[in-house]
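Chemist: Build out the structure end to end from the sequences listed, making use of the hints.
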Amino acid sequence: MNLKPLQDRILVQRVEEETKTKGGIIIPDTAKEKPAEGKIVAVGIGKLDKDGNRIALEVKVGDRVLFGKYSGTEVKIEGEEYLIMREDDVLGIIE
Amino acid sequence: MNLKPLQDRILVQRVEEETKTKGGIIIPDTAKEKPAEGKIVAVGIGKLDKDGNRIALEVKVGDRVLFGKYSGTEVKIEGEEYLIMREDDVLGIIE
Amino acid sequence: MNLKPLQDRILVQRVEEETKTKGGIIIPDTAKEKPAEGKIVAVGIGKLDKDGNRIALEVKVGDRVLFGKYSGTEVKIEGEEYLIMREDDVLGIIE
Amino acid sequence: MNLKPLQDRILVQRVEEETKTKGGIIIPDTAKEKPAEGKIVAVGIGKLDKDGNRIALEVKVGDRVLFGKYSGTEVKIEGEEYLIMREDDVLGIIE
Amino acid sequence: MNLKPLQDRILVQRVEEETKTKGGIIIPDTAKEKPAEGKIVAVGIGKLDKDGNRIALEVKVGDRVLFGKYSGTEVKIEGEEYLIMREDDVLGIIE
Amino acid sequence: MNLKPLQDRILVQRVEEETKTKGGIIIPDTAKEKPAEGKIVAVGIGKLDKDGNRIALEVKVGDRVLFGKYSGTEVKIEGEEYLIMREDDVLGIIE
Amino acid sequence: MNLKPLQDRILVQRVEEETKTKGGIIIPDTAKEKPAEGKIVAVGIGKLDKDGNRIALEVKVGDRVLFGKYSGTEVKIEGEEYLIMREDDVLGIIE
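Chains R, A, H, W, E, Z and C are the protein sequences, given in the same order. The UniProt record's numbering puts the first residue of the first sequence at 1, with every later residue one more than the last. The UniProt record's numbering puts the first residue of the second sequence at 1, with every later residue one more than the last. The UniProt record's numbering puts the first residue of the third sequence at 1, with every later residue one more than the last. The UniProt record's numbering puts the first residue of the fourth sequence at 1, with every later residue one more than the last. The UniProt record's numbering puts the first residue of the fifth sequence at 1, with every later residue one more than the last. The UniProt record's numbering puts the first residue of the sixth sequence at 1, with every later residue one more than the last. The UniProt record's numbering puts the first residue of the seventh sequence at 1, with every later residue one more than the last.
Not one of these hints is a red herring.
Short, incomplete list of chain W residues facing chain H, as computed with Cβ under 8 angstroms: (1) 35; (2) 53; (3) 66.
Here's a subset of chain C near chain Z, in silico, CB distances under 8 angstroms, partners left out: (4) 93; (5) 94; (6) 95.
Hints listed in this document are in silico derivations from the structure and should not be mistaken for laboratory results. Where is the CB? At the ideal position from N, CA and C, for every residue including glycine.
Modeler: Next comes the structure, spelled out in structure tokens:
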């Protein structure tokens, strides 16, 4: 089963942040930084502009992205958890 | 009796989510995931853009879609329950 | 006396929902479903688009429509009760 | 003394609603229906659209109109009470 | 010293409303009607429309205008009190 | 050190209002009139309009302007206090 | 690891404000001025305008900028703290 996001939405699989600090100390869950990291697994075809043309997304499948920890809607597809969010919820692409 | 949704609205029949986890354990209602699943049974003709052209919907009758659990307005047609919502409430199409 | 709604407004006469369930049992008022049903008795000439052209309404006089129970403003014309609402308050046309 | 409303504003003289029901029974003030009735005594020249053209009003001086009871701003001109409101506050024209 | 209002702003000198009723009875301050009256002493050059052209104001210096009692910002220029408001706060021109 | 405001922002140096009334009586701080006066020390290059052209500011460096007392963000540059605000926060130019 | 901000977002590294006053007295943290200072380390490719063209950013990598103390979202990249914000959160460029 696949999920095709509509318009400018993307489907993101959360990447577990490492719970170790630079010095290797494991920190409890509540101390982790705010933005979350994920991998894009599906993208929509883009929104329409005023002239009826699709606005291509700036992100693509496979991109690793940062996004606000509370962005998107959680969905479960075949037991796996994903997030559906709008491209505008993405803060940046990790290169 | 049929219902023709206006503009960019769609008529959706909720698909009951299976209340079993992957391992086959039945979970109570409150533990189910947030987004709901449904089948589109009717679609509007689309909104007008600034130049007076209809913007075709990205979804069509028969599509299985995910949407926020509290999206749309419940309607009862001949004893059957449906939801009328805007296309923008649809998170994605299940393929 | 008649009332000509302005712009994209419509004049709707509420159709009393049958207070019987499919099985014929009369249900009290508070148990009725949310959206209300009505018949359109007058329509406006439509809003102007950006180029100064009227946007024709998608509904017409005689259409039976569903709308949110709390949509519109109640008016009394010659002792009869009507609702004035915007076309956008109409959820769908019953066919 | 006259008042020329600006843009899409209109000057309305409230018409006292008859406080008798169809059957001739006088009802107290608080039981009257919500929308109010009035006669248009002056209209503005219309708003400008995006291309700098005036958008003609749909209502004209002399029209009897229905409007929300709390629409507009009360003004007193030579001892007479009027309401200044935007055309969009008018629900419909009584014909 | 003069003040040149920016864009679609106007400089208005409040005209004291006569505190006598038609019959000549002096009424206390709190009983005065809501909108205030003033004389325009300076106008801005107008806002820019989407094509970069100035939108001429509908009011001009010398116009007597009605405006909401709480519209605008009070300024004191050489001991005199004025109000700076947007043209849109003007309800109508007194002729 | 200089600060170049972005877009339609301006850098303003507050001019202390004289705390004497016309008659020469010194009034305490809380009794001063609302809008504040300042001198523009830097201006941005203007916002872009829909066609990608810069909209020139109506104010320029050296203008003495009135603005709402709580407009803008305070910044300290080399020990001096300034305000960064948008041109739209300026009520008028003192000539 | 690098982070490429999307659209009109920028990646900023905060510059610690000197906690000494002009006279050399160290002031506690809560007494520091409101806007914060930072250096831009990455910029997005700009938003699309209505015609589908990218709007170039007014800031560039290396610029020292002022921004509101609570602007942006904190991110940690390889142990270093940064802020992702929109260009519009930048108050001005320090020259």
